[in-house]
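Novice: Using the sequences and the hints, build the whole thing.
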Amino acid sequence: MTGIHTRHWPGDSDRPALALHCMMASGSYWGAIAKRLEHRVDLHSFDMPGHGRSDDWQPKADDPDYHTAVTRMAASFINRPLDLIGHSMGATVALRIAVAAPEAVRSLTLIEPVLFAAAADTQQEARDREMDQLIAKGEMEQATRLFLATWGAQPYDKLPAAMQRQMCDRIGLVHSAGETLSHDRANLLRPGGLEAIDAPVLFISGERSPAVVHGIADALAARLPDVGRATVPAAGHMLPITHPDEVAGLVALNLDRA
Numbered sequence: 042m043t044g045i046h047t048r049h050w051p052g053d054s055d056r057p058a059l060a061l062h063c064m065m066a067s068g069s070y071w072g073a074i075a076k077r078l079e080h081r082v083d084l085h086s087f088d089m090p091g092h093g094r095s096d097d098w099q100p101k102a103d104d105p106d107y108h109t110a111v112t113r114m115a116a117s118f119i120n121r122p123l124d125l126i127g128h129s130m131g132a133t134v135a136l137r138i139a140v141a142a143p144e145a146v147r148s149l150t151l152i153e154p155v156l157f158a159a160a161a162d163t164q165q166e167a168r169d170r171e172m173d174q175l176i177a178k179g180e181m182e183q184a185t186r187l188f189l190a191t192w193g194a195q196p197y198d199k200l201p202a203a204m205q206r207q208m209c210d211r212i213g214l215v216h217s218a219g220e221t222l223s224h225d226r227a228n229l230l231r232p233g234g235l236e237a238i239d240a241p242v243l244f245i246s247g248e249r250s251p252a253v254v255h256g257i258a259d260a261l262a263a264r265l266p267d268v269g270r271a272t273v274p275a276a277g278h279m280l281p282i283t284h285p286d287e288v289a290g291l292v293a294l295n296l297d298r299a
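Numbered as in the working numbering, the sequence shown ends at 299 without a single skipped number.
Every clue listed holds true.
Label pairs and their calculated CB-CB ranges:
| id | residue 1 | residue 2 | range |
| --- | --- | --- | --- |
| 1 | S69 | K101 | 25 to 31 Å |
| 2 | K199 | A116 | 34 to 40 Å |
| 3 | E248 | D225 | 23 to 29 Å |
FYI, nobody ran anything at the bench for these hints, they're computed from the structure. Even for Gly, the Cβ is constructed at its ideal location relative to N, Cα and C.
Specialist: Below, the structure is given as structure tokens:
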């Protein structure tokens, strides 16, 4: 994959795993999780286009949207059944792979998948409308502030200036995934799709996260045949960064189920 930065934390070669990060971050934060898993899995990750050390996203004719492009990149890592871990947008990519190829997934750990189409939420719908309006007007800083106020680990004004500029430059990627996340353009919710996933699935949520993520987990879990739920006390949406001990412990529990 030209221009895509990959990451690898070596572990048990018989237990391949792939971790998919959230928007506006990079795969680097999985390092803290990998360390706490103590080499139980051979963990790979990559920086999504326009994130971390990867090149910017260059749309291609056969990639209808950003979510599809990232899903195809993730799928290229899979050559045998593996443990799939995802956070936020990355969790929706992991879920998309599991729906399309359930035989490829040994276990599935979903940390706050933001598949908004799964659960109607008036507050999220209002955020989407405001984000769309700000980006349409070219007000990228305000759009970034809005995004981080709900989904970030820190408010915009507490970030270093260089990071603020980077996030403003990539906020359009959040918008580009909107059709898939809010309107299920990839048809993840199709009849029989979730029900065909026979790997153990674990949803991990933060206690202080937006209500919509709990509603999404409720709706998705109700359709899965082998599912667990966990909530990390005092955590918000960026819990893999803020609460790595708890998240790694829960990931390990789901690995044990496979």
